[in-house]
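A.B. asks: Heads up: the protein sequence lines correspond to chains A and B, in order.
For the first sequence, my numbering gives the first residue as 1, with consecutive numbering after it.
For the second sequence, my numbering gives the first residue as 1, with consecutive numbering after it.
It is possible that part of the hints are untrue.
Unchecked claim - Stretch by stretch, here's where chain A covers chain B in the computed footprint (C-beta under 8 Å, at least three residues):
hint : region
1    : 24 to 30
2    : 94 to 104
Unchecked claim - Computed far set for chain A versus chain B, every beta-carbon distance over 12 Å:
hint : residue
3    : ALA3
4    : ASP52
5    : GLU115
6    : ASP121
7    : PRO122
8    : TYR129
9    : ARG144
10   : VAL146
11   : SER285
12   : HIS368
13   : ARG382
What the hints contain is simulated information worked out from the structure, not anything from laboratory work.
Where a beta carbon is used, it is the ideal one built from N, C-alpha and C, also for glycine.
Take a look at the letters that make up each chain.
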Amino acid sequence: MQAELAEYLRSLGAVPVPSDVPSEEASPDFSTGVTPYSVEPLAELCLPEVTDSEVNLRFFLDGVQRTVPLGLLSVKNLSIPVYIAHLIVGVMERKDRVLTPFMLREALVFYIPLEAMRNLDPSIGEPPYLHKFDQRGNIYDAIRTVRMRGLSFWTDISIPLSLREKRGKKEETILGSSELSAIGAVRCAARTRSKVLLRVMELGVLWEVISNVMLGKNDFIVIDGPVFLPLKYARLANNRLATLIDFSWEKIADVNKAYSFYSHVIGAVKNVSVIPTQGLTLAFSQGPGITIPIYLFSETVEGADDEVSSHTISAFIRLRRELSGEISPIWSPTSELSRIDIPLPAIVDENEPWYIPDFRPDLSVGSHHRQRLEAILRAAIRDRWPIPETTPHRMLTEYYCIAETENWLRSHLLPEQELRSMVPIR
Amino acid sequence: MQPPNTLPEVPPYPYIGRVIFSQDRPAKPNEFWCWLRDAPNLNVQLGSLLSVDGENERIIGIVVDMEYSSTVQRATTEFYGSSYGDPQLQPATRPTIIRLCKLRVMFRRPFLSTPPEGRWGVRHVNQEDLDLIMQHIPKERRILGGFVRVGVNEDDPRSWHPVYLHADFLLGPEGAHMNITGVTGLATKTSYALFLSYCIMKWAEENSQRVAIVLFNVKRWDFLALHRLPRKWEDAEQWIDSWARDRIGSRVIGERVKALWKRAMEHGIDIISSPPNVKYFTYQEDSDLSFMSRPEYIKYGILDLSKDELVAALYRPDEEPAEQQINLISVYLDFLRDSARPPPSFNRMINDLNFLLTKKSITVTKSIPEIGQWDERTIGAVRRRLSGFLSRATHIIERDHPNAHPVTFGSLKEGLNVIQLNRLDDREKRLLVNAVIREISKGLELESSQRHLDRVVIVIDELNKYAPKRWSPIKEQIVDVVARGRDLRLSLIGAQQFASEIDGEVLGNSSTRVVGRSDPNEIRDVGVYGYLGTLRDIAPYLEKGQMILYHPVHPAPFLIWFPTPLHEMKPLTS
Numbered sequence: 001m002q003a004e005l006a007e008y009l010r011s012l013g014a015v016p017v018p019s020d021v022p023s024e025e026a027s028p029d030f031s032t033g034v035t036p037y038s039v040e041p042l043a044e045l046c047l048p049e050v051t052d053s054e055v056n057l058r059f060f061l062d063g064v065q066r067t068v069p070l071g072l073l074s075v076k077n078l079s080i081p082v083y084i085a086h087l088i089v090g091v092m093e094r095k096d097r098v099l100t101p102f103m104l105r106e107a108l109v110f111y112i113p114l115e116a117m118r119n120l121d122p123s124i125g126e127p128p129y130l131h132k133f134d135q136r137g138n139i140y141d142a143i144r145t146v147r148m149r150g151l152s153f154w155t156d157i158s159i160p161l162s163l164r165e166k167r168g169k170k171e172e173t174i175l176g177s178s179e180l181s182a183i184g185a186v187r188c189a190a191r192t193r194s195k196v197l198l199r200v201m202e203l204g205v206l207w208e209v210i211s212n213v214m215l216g217k218n219d220f221i222v223i224d225g226p227v228f229l230p231l232k233y234a235r236l237a238n239n240r241l242a243t244l245i246d247f248s249w250e251k252i253a254d255v256n257k258a259y260s261f262y263s264h265v266i267g268a269v270k271n272v273s274v275i276p277t278q279g280l281t282l283a284f285s286q287g288p289g290i291t292i293p294i295y296l297f298s299e300t301v302e303g304a305d306d307e308v309s310s311h312t313i314s315a316f317i318r319l320r321r322e323l324s325g326e327i328s329p330i331w332s333p334t335s336e337l338s339r340i341d342i343p344l345p346a347i348v349d350e351n352e353p354w355y356i357p358d359f360r361p362d363l364s365v366g367s368h369h370r371q372r373l374e375a376i377l378r379a380a381i382r383d384r385w386p387i388p389e390t391t392p393h394r395m396l397t398e399y400y401c402i403a404e405t406e407n408w409l410r411s412h413l414l415p416e417q418e419l420r421s422m423v424p425i426r
Numbered sequence: 001m002q003p004p005n006t007l008p009e010v011p012p013y014p015y016i017g018r019v020i021f022s023q024d025r026p027a028k029p030n031e032f033w034c035w036l037r038d039a040p041n042l043n044v045q046l047g048s049l050l051s052v053d054g055e056n057e058r059i060i061g062i063v064v065d066m067e068y069s070s071t072v073q074r075a076t077t078e079f080y081g082s083s084y085g086d087p088q089l090q091p092a093t094r095p096t097i098i099r100l101c102k103l104r105v106m107f108r109r110p111f112l113s114t115p116p117e118g119r120w121g122v123r124h125v126n127q128e129d130l131d132l133i134m135q136h137i138p139k140e141r142r143i144l145g146g147f148v149r150v151g152v153n154e155d156d157p158r159s160w161h162p163v164y165l166h167a168d169f170l171l172g173p174e175g176a177h178m179n180i181t182g183v184t185g186l187a188t189k190t191s192y193a194l195f196l197s198y199c200i201m202k203w204a205e206e207n208s209q210r211v212a213i214v215l216f217n218v219k220r221w222d223f224l225a226l227h228r229l230p231r232k233w234e235d236a237e238q239w240i241d242s243w244a245r246d247r248i249g250s251r252v253i254g255e256r257v258k259a260l261w262k263r264a265m266e267h268g269i270d271i272i273s274s275p276p277n278v279k280y281f282t283y284q285e286d287s288d289l290s291f292m293s294r295p296e297y298i299k300y301g302i303l304d305l306s307k308d309e310l311v312a313a314l315y316r317p318d319e320e321p322a323e324q325q326i327n328l329i330s331v332y333l334d335f336l337r338d339s340a341r342p343p344p345s346f347n348r349m350i351n352d353l354n355f356l357l358t359k360k361s362i363t364v365t366k367s368i369p370e371i372g373q374w375d376e377r378t379i380g381a382v383r384r385r386l387s388g389f390l391s392r393a394t395h396i397i398e399r400d401h402p403n404a405h406p407v408t409f410g411s412l413k414e415g416l417n418v419i420q421l422n423r424l425d426d427r428e429k430r431l432l433v434n435a436v437i438r439e440i441s442k443g444l445e446l447e448s449s450q451r452h453l454d455r456v457v458i459v460i461d462e463l464n465k466y467a468p469k470r471w472s473p474i475k476e477q478i479v480d481v482v483a484r485g486r487d488l489r490l491s492l493i494g495a496q497q498f499a500s501e502i503d504g505e506v507l508g509n510s511s512t513r514v515v516g517r518s519d520p521n522e523i524r525d526v527g528v529y530g531y532l533g534t535l536r537d538i539a540p541y542l543e544k545g546q547m548i549l550y551h552p553v554h555p556a557p558f559l560i561w562f563p564t565p566l567h568e569m570k571p572l573t574s
């Protein structure tokens, strides 16, 4: 019976996967390519494998965090965890082929589900002497002004920082007193809070670099992840960034500011969750050049830790197709895909209406938009070597400079014991 | 001398790294790891000296290990990461290289036996740091031992800082003797010994010490023509230039040698303005006479030698002579010393042994009653040895007379005394070396008012021939002298290719060790070279003029340089 099944599979063109491929529950790339979305490619570009570009990917931005439980509080016989988080965002600059640290911002933040606890016991006061992060924002400005390394902030993880709600799904949820008994929900809130604060910091650092560095026309900052993802938290970062986006309508509010902000930024997405359902096979072409299908999504599509958005060119690229099959745990072709997010301001002129929903860049051969896009993607291809030694999946999809930035930042994270000892409960 | 307790102010030198505290590389009191900036040409290598600045603390250490790595764990990633194995690829980003070096503590102020207390900055040493390292040697006990490189430009004399040896540990009484190891032709052992001789002479001059340095010229012209020096520095520069151009083929090396000589002259080693006294001892018909100035001719009669010297001459180092033979020689020599008629000589000894062989024992006893009865096989063996020796030892042996013109303690002069061994038969070499050592030790045992020298330094290459590791009667005298050397003020600077072949006691008594370029297999011997630590790894790659110096007053070895002797660079046409 098995022989017949094998024959049946062979008739369908089946080829075996490598023998050391892990089972699905242990797969390192299980979260990639899980969100299909129906969209047609806007264009396809075929660029040489060995190439150069006038575009200079000059800065690389990343963030890391460590969130550790500090202890359990006892309120009305409930055990409630509190946390301390160390959040670091930094930028490395590449000069003469060498990466050097450029900027680093960090914050130590105490997490407590205070409001939910107060519902149980209204007498509980706020943590003393610490600055509070809440919906009022200005979080990045507060972080910037703290010079000493030490616990300086606290935040209530039972109240969302972000007010944004989309399709009935909130980024963060309110943690009620009844949910405090579910410690998993509190833990989830802590993890989410760290992510949100990290994005706030990433946006703030990005803004600081753009504001303070004289960027040439071809100088770009590469951020780790979807390019517009941090923008969702602009309101929380500082007052100047708060006017970038209209939160009620999810559209660009200050066009000029947004243009100057995003004309020098691209995103490098290593965990591609959102997968276009049309035209993606182009990315797997085996020709002499690297074929890159180009998409422009009309709306924000969210996946796990991934997001594609409007006003952004999404270029799907197999950065290291030579390694296909060499890293056996990664057998899914879509897991080899990286995505380069190129905001429209990076390829259009300032006076063009890039911000309107119906705007389509002219990607015909020889057009200005196409030339600019090609220059950016050539730089992206040029940067595919060397490869970072991280996880098998990231070795295929991550940029070395981003991984090095992460290594640099990660080395600044305080050890768990050291974080805990900052607040000696006993 | 008690060093001051305050530290000099740390000048704002740029840091090139920081101390590491990690689980895989924990810091220890005597050694710890540092990381270095990710930049090429940091001028840090094994043997470099680095300074670590703490809060009111300073540690100076020598680099004893280095590792360069990256976050890449597997070689395959390196291959893949270069465009799938394309060596021509120049990636837009130069992958980060993590440079680590291990420092062994050479100096710490204030003295603490704890690891560094913080992630302190690491920088290149400066003159002030090196002064700190050397300050525990009182000025009047300092003998220049070479230079460490502290700057980038080798042709700049300021890039070289002196390393001092403590006179009490080199010349006694605290320690004595130096051993120099390295492969022949590349390790520049005798050149270093000569440079050190100049430095010892300078120290002696400054401290009113009457020192004779005895240099055995074992081969070629190592210690010949020492009197032929340039008359002025400009001539020396010309010599060095033409030597570097014509014989070395490297102008850079020439400039380095000039800088080292300039630095040496700044420290008083000025053999141009004040050339050392040189006296030569050689044998008649030496074909190297043209390299000597007014040599004294030497020859040994049988009564100029001790029993041990004769035994050392008659037997090869790898032989174990029968006890009866040694006894026979001993008894016969004792008899000769009391027997005036006919006069003692080597020829008479041959005749006596022939006589012993041809007569019955009873007759022998009657004619030479003092030596008793001997088995004819013993007599025959000694006779064959003696005949063989006399047939080969034609340069320095007086066969017909009891005494000749040996090197005496009184004939040694303050300064350099070169004793020619080149072209002598190995037996003659052994005889001469042992006889000279015995004479010097006897001379130094006299009351100081009865002798004209306070100290003697003996320099000898191929020490393994005179003090081999295996048991041998020929080394007894040298072993004894070495053991008593520091009390006698007799220092032995011995050199050889392989220290592992030297008698353990002779090597053990050499408190200062120097290693030049060495055979990789030899240097692996931890029992002999363990004191070098990981610096052993660079011993096979040392350049000419570069040595690893271990001196007991310094906690770790130094990587030093010294200038090529000037007499070696005299243009061939001059």
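A.B. asks: Against the earlier hints, flag every one the structure doesn't satisfy and list their numbers going up.
C.D. replies: Hint check: 1, 4 and 13 fail, others pass.
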